[in-house]
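Go by the hints and put chains B, C and D with the ligands onto chain A.
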Amino acid sequence: SSGSGDTGASGGDGSYTIGVANFTLGGPYFSGMDKAIAAQAKKKGKIEIISTDANGDAAKLASNVEDLLSKNVDAVIISGGPLESAPAALNAIKSAGKPVVLVDRKFQTGEYTSWIGPDNEAIGRQNGEFLAQRLTDGGKVAIIKGGPADNSIGLARTNGVKSVLQGKPGITLVEAPDFGNWGSDGGLTVMESLLATNSDLKAVFCENDAMCLGAQRAIADAGKDKQIIIAGVDGQAEALKAIQDGTNYVVTGLNDADVIGAMGLDRAVEILGGAQVEKDTVVPSPMITKDNAAQYADPDGGF
Amino acid sequence: MTGQLTEPALTPTEPRRLPRLVLAGRDVTVATAFVALIALLVVVAALTAETFLTPTNLTNLLKQMVTTGLLSFGMLVVILTGGIDLSVGSIVAFSGIVTAGLVSGLPIPLAMAVGVLSGIAFGVVNGTLIARFELAPFVVTLAALTTIRGLAFVYSEVPIAPEDPGFFTLGSATAGPIPVTTLIMLAVFLVGGIFLTRTPAGRSIVAIGGNAETVRLAGINVRRHIVLAYTISGACAGLAGVVLASRVGIAQPSVGVAFELDAIAACVIGGASLAGGRGSVRATFGGVLVLVLINNLLNLYGVQSFWQQVLKGLIIIAVILVQRTNRVRS
Amino acid sequence: MTGQLTEPALTPTEPRRLPRLVLAGRDVTVATAFVALIALLVVVAALTAETFLTPTNLTNLLKQMVTTGLLSFGMLVVILTGGIDLSVGSIVAFSGIVTAGLVSGLPIPLAMAVGVLSGIAFGVVNGTLIARFELAPFVVTLAALTTIRGLAFVYSEVPIAPEDPGFFTLGSATAGPIPVTTLIMLAVFLVGGIFLTRTPAGRSIVAIGGNAETVRLAGINVRRHIVLAYTISGACAGLAGVVLASRVGIAQPSVGVAFELDAIAACVIGGASLAGGRGSVRATFGGVLVLVLINNLLNLYGVQSFWQQVLKGLIIIAVILVQRTNRVRS
Amino acid sequence: MTLELRGVRKDYGGVEVLHGVDLEGRPGEVLAVVGANGAGKSTLIKILSGAEPMTAGEMRMDGEPVELHSPHDAHARGIRTVYQELSIVPGLSVTENLLMGGFPRRRGLIDWTAAHARARELLEGIGFGAIDPRTPAGRLSVARQQMVEIAKALVTMPRILVLDEPSAVLAGGDLESLFELIRRLRERGVLVVYVSHRLAEVMELATRIVVVKDGWVIATTEPSRTSEGELIDLMAGRRLEQIYPGRRARPGATRLSVRGLTRAGEFEDVSFDVRAGEIVGLFGLVGSGRSELARCVFGAEPSSSGQVSVDGGDVRFRTPAEAIAAGLALVTEDRKRTGLVGGMSVLDNIALTTMRGMRRGPLIDAARRREKVTAMIERLSIQPAHCASMRVVNLSGGNQQKAVLAKWLLTEPRVLILDEPTRGVDMATRVAIYHMIDDLARDGLAVLLISSDLTEVMGATDRILVMNQGRLTGELRSDQAGENEILAHAIGQAA
Ligand SMILES: Nc1ncnc2c1ncn2[C@@H]1O[C@H](COP(=O)(O)OP(=O)(O)OP(=O)(O)O)[C@@H](O)[C@H]1O
Ligand SMILES: Nc1ncnc2c1ncn2[C@@H]1O[C@H](COP(=O)(O)OP(=O)(O)OP(=O)(O)O)[C@@H](O)[C@H]1O
Ligand SMILES: [Mg+2]
Ligand SMILES: [Mg+2]
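Residue numbers (the working numbering), protein chains in the order written: chain A, 1 to 303; chain B, 1001 to 1330; chain C, 2001 to 2330; chain D, 3001 to 3495.
Okay, chain A solo, but in the shape it has when bound (with noise of 0.2 angstroms):
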């Protein structure tokens, strides 16, 4: 697979206009990947980015995709965040006649030039056997979601972990019924729920590290952070330093939008020099423990 190299562009001038299409920048991984592909941008000189942001509404989603060929932007770069799929959007470019490179959202329908994303099953699984590996005795693992399955992501995660720990000795499944809504506030309060009917919980698995940073504050109220172990996804800057400290915060998976975003943007402009490229490229993510957090926490990065 291409790496995030200072390759350049290899046809043309190599300036292009790209535009960016974001579903949503309400998070910080979202926001992450936008300020990723402007910064890898910047470094490679010559390139103009237009963002936009449809603020969550998919419709406006496909507008603005609308605006960035009106525009006559070289391609698109749509990161679709919790987005199923957008044919409006992706046809538009298609008649336009420009390549569309995915990030970290692969879409389930439509045809897109190339996806450059993260497995979330395999982050999910990596989880599940960090987990199995530390419950030697078994014991009770609870599951916190972010969202319905109209966000897959978060369901291939937990299908992940699930795939693993089902069916091992000792170990039982819990799954909160409510959602953490991707934040540390909901992460919180899931897991108070939680601690509130299963108090022999042994750990705790989260659709992301937000929710898992919220969960890790209410097991320290509950008095159980010898007890509980936790186990998240995204490698966000807090979630890192509480997994290097030694906390009973124990492994993330790394999903990281810099180098996703990074990525992209040299896919983009792979793509736009003539070169040939991979359809679909899945960035591995390295499993974080306290022994090799420090190797990628990074003070400076956008997450």
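Don't take each hint at face value.
Said to hold, decoys possible - Now the stretches of chain C that chain B is said to cover, found in silico as 3 or more residues with beta-carbon under 8 angstroms: (1) 2050-2062; (2) 2137-2151; (3) 2259-2273; (4) 2285-2294.
Honestly, the hints are just simulated from the structure, not real lab data.
Ideal placement from N, C-alpha and C gives every residue a C-beta, glycine not left out.
Relative to the frame of chain A, chains B, C and D with the ligands by itself:
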């Protein structure tokens, strides 16, 4: 004659009421000011953002006003009765996902009709709870917002993207340069305008917002008209949901969060009173234009996303301030 | 004989509406019914969900009512004037993120004070626009919702987690079994109750919602009291933001979306009229309890999230239906 | 305290409604202001009380020029006003309504015990002791609410007390208490400005009478130097020959028949008939249950038992729509709350009852509607004549009343129930209304006229029903009944 007259009795023919026309003309003044405001926005936009007048952008504008427009008309009808409908965003999601879900089994027009009907059904329930059981509209529709959103997810937790390309037709067809969906919205405003000003039911709805008891005593079935108002709002929301799903090409149960806020804002920017009884279809359409123009302009200027939000709020305040000054000066 | 004779002085035969006492007792009845409703909820909960009465769950209940509680009191004050404050959720986000951001440079209590002050400042702006410029509360605070949310993101796009463990103290400290934050909320309700029933300013706020013109004619500065109401709401939201950030230990600019809806629901479940002038502190607290109990119970029963939403809406409708029946039967 | 107004002018949106009014009042005077509906009395009073600024002119107190920018200014100078439209806060207790401007406090907090005591003392001190200060003001009868309004103006002793039609909703003992109060205020040197359409009380109370017409003061006089008849002629600008049309009843078949109608707690077992061509008065003291009865007959409220029928048949109307379909019309007593949609135009208001009938296809036939409404405006001479597109709240009180009447006459009813139709209506308009009712009755309309005005009930009807505490206690022929006899029935002490 024992009374002592201090002044001779005057013939009561003093022509003192001539300038009444000015009073009667008050509405005209406000309307003019409002049109001027929108015109100003457009001119400023055209002069400062070079891409504003490009055909693509204008088409964009026309497309972008559809959802807010449809919801705003329904909202206006409800607001006129002195109520409010917070559930429209959830209805948009429900009707969209149901339509997309049915496309695989039913002919597309029928599936779409079912989507609109679902909106109508929710409207009838809202209206009945409000009119028959005399519950506060805000809470009833707030509860409906929650319940209907839940139902949309119960129907399908995952988004539905129909394969049949016919599903996209409604959302992408154009008549000349104008999107069909925009024409549908304009038709709703046109027919709606006639309904509110020229039919007994429409006038009754307006009057109910002014003084429901008087209307009841005039032999008009107040409850039925309130139910009608929420039904219209539900129908508009259902239609908006279908149109939106067709335009985006995929129906998501999570769509439409906070849509009600833009619809309400459009009505109020158009001078509607949330206490009921005051509001105009034309001015509401103006309100929709203002909102869409604001969004579009901020995008064209490349204002950064969060600053867009900051500015959007400030501009709304500025617009209603200007409006008010005009009304007071009259 | 052309004039009207005044009837000879009659002993003011008290009209035959003797059962007035029943009418006057109306409030008592409703209050009793409401307490009974909450008691019923609690008993049902205790009998059907074995974990309900565990100390952990009860502490959870106490903790989870804090944010809604604080916002509801502020909302009640605004609703009493006949207004509404949609901006509270955004203020929660702003004050939280600002506090967390300042902790690195300022002593923690000072940083928290700045957070609350930011809420107060927004409240003053809202109130001034509404009272001084006579703009509709719904739109002003809707615009504020957008603007303040934008400002929170402008302040920091990413969540801020202060290092200093002192930042968590407020949110995690307990006095005996009771969380300090709960005590703070209770204090707000207590002082707030006294404010609304026993001080001239509080009474003026209630009276303004009943008939602002009369209050103005009584020589009371209506505008100043409206500003005061929004300031109180802003202060409560600011405080809620600080408390929430301290409790979660991390402040996010995206927190608090739709918080205003729960606060409004609590007031209305408590019998407050959105037209103003009617509403009680105790009943609003009851409304908060009902909402928190509903959430808690649905979680304890393990009801799946979407069905939770569906049921929550239906339960709210049921509660206000019961309430209304009681009021009508009086 | 002497009060002087010089050349006061006022215009609303370019329309001048006061054209240079001069007025003078001295301490201990009762200055009565009389005039037809729309003459400008209320406007004058709003200026006096600081609620509206004057467009031009000058106001002096004790020779000093003063400018009132707000009601607060007026309060500070000792001017208190009781407005024509009630303005209590219904949800608050009587005590709060009274003491809103300043509560007794203890340690910074309101001392409610002391406040209630003070309110009680105040009410008793002015002869309104029958009102319980703890009741929410909105639950009092309209008359009692009006008394609270008056008491409110007396919380601190004013130097000038302005009363805009205070007696319009008062009757019997309540009215007597008010007169007694005004006499005592006079003795204490208060200048009372008193607006009323009831000339008898003006003659009784006033020390001076100012006649306003079309925004001008056309006469200033004293009770001893004038007569009611002369005042009426002055106000109307012409001689009013006959107040009540001479009626000679030739009633036809029974139109409205009420049998054993009961609404628990309100009225019981009420039976009566009104025949075609007949005008029946329904007299009673305030709170005797007449309005409630009318609302039940009209289907606006459910009754517990009994029958109502129009032209035969045993029915009970469940909704006003049913009653209207059967030919009933009800002009309610409270036009602001139940008669008008304030924010809408006069046209919309008058057409409200007949919209459905005036359709062409699904749409309202606008031309026909305007034509019918304009004709009705003309017929009732609603002023100003071109008011169709005006907002109805901008009409003067009496003209609003006429607009309500117009709305109902458009339905061409067979039975017309009028609940206090002349409350706040000037004499010329009253005469017009009486004659109109008479004409309608001659054409076969059955009329039930509810009134607390004894003279009116005796003069304008053929037959009088008297109600006391929810029961019909007497039935008399108008041309034979004496005042005392009617009143005896009304207080339940008839032989
Ligand atoms: N706010 C307003 N806007 C426009 N015209 C008004 C307004 N208020 C009053 N008027 C007009 O001023 C004139 C005088 O009204 P005013 O209420 O002073 O009469 P009034 O003498 O008190 O009559 P009534 O006996 O019916 O109460 C009327 O023609 C009325 O239509
Ligand atoms: N429950 C109530 N709360 C408040 N006001 C009421 C209530 N019931 C009646 N009233 C008011 O009290 C007044 C008395 O009405 P009712 O029909 O009993 O007597 P009435 O003989 O018609 O007296 P009036 O001369 O005042 O119309 C009415 O004006 C009505 O609006
Ligand atoms: Mg008047
Ligand atoms: Mg009455």
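Establish whether the coverage given for the stretch 2259-2273 of chain C by chain B is satisfied; the threshold is a Cβ-Cβ distance below 8 angstroms, and no fewer than three residues must meet it.
Coverage by chain B holds for the stretch 2259-2273 of chain C (6 residues, Cβ < 8 angstroms).
Chain B over the stretch 2285-2294 of chain C, status - at least 3 residues with CB closer than 8 angstroms
Per the Cβ count (0), the hint is violated.
Whether chain B covers the stretch 2137-2151 of chain C (at least 3 residues having a Cβ closer than 8 angstroms to its Cβ atoms)
Since 13 is at least three, the answer is holds.
Coverage claim, chain B over the stretch 2050-2062 of chain C, checked by counting residues with Cβ within 8 angstroms (three needed)
violated (count 0)
Violated hints, in rising order: 1 and 4; the structure is consistent with all others.
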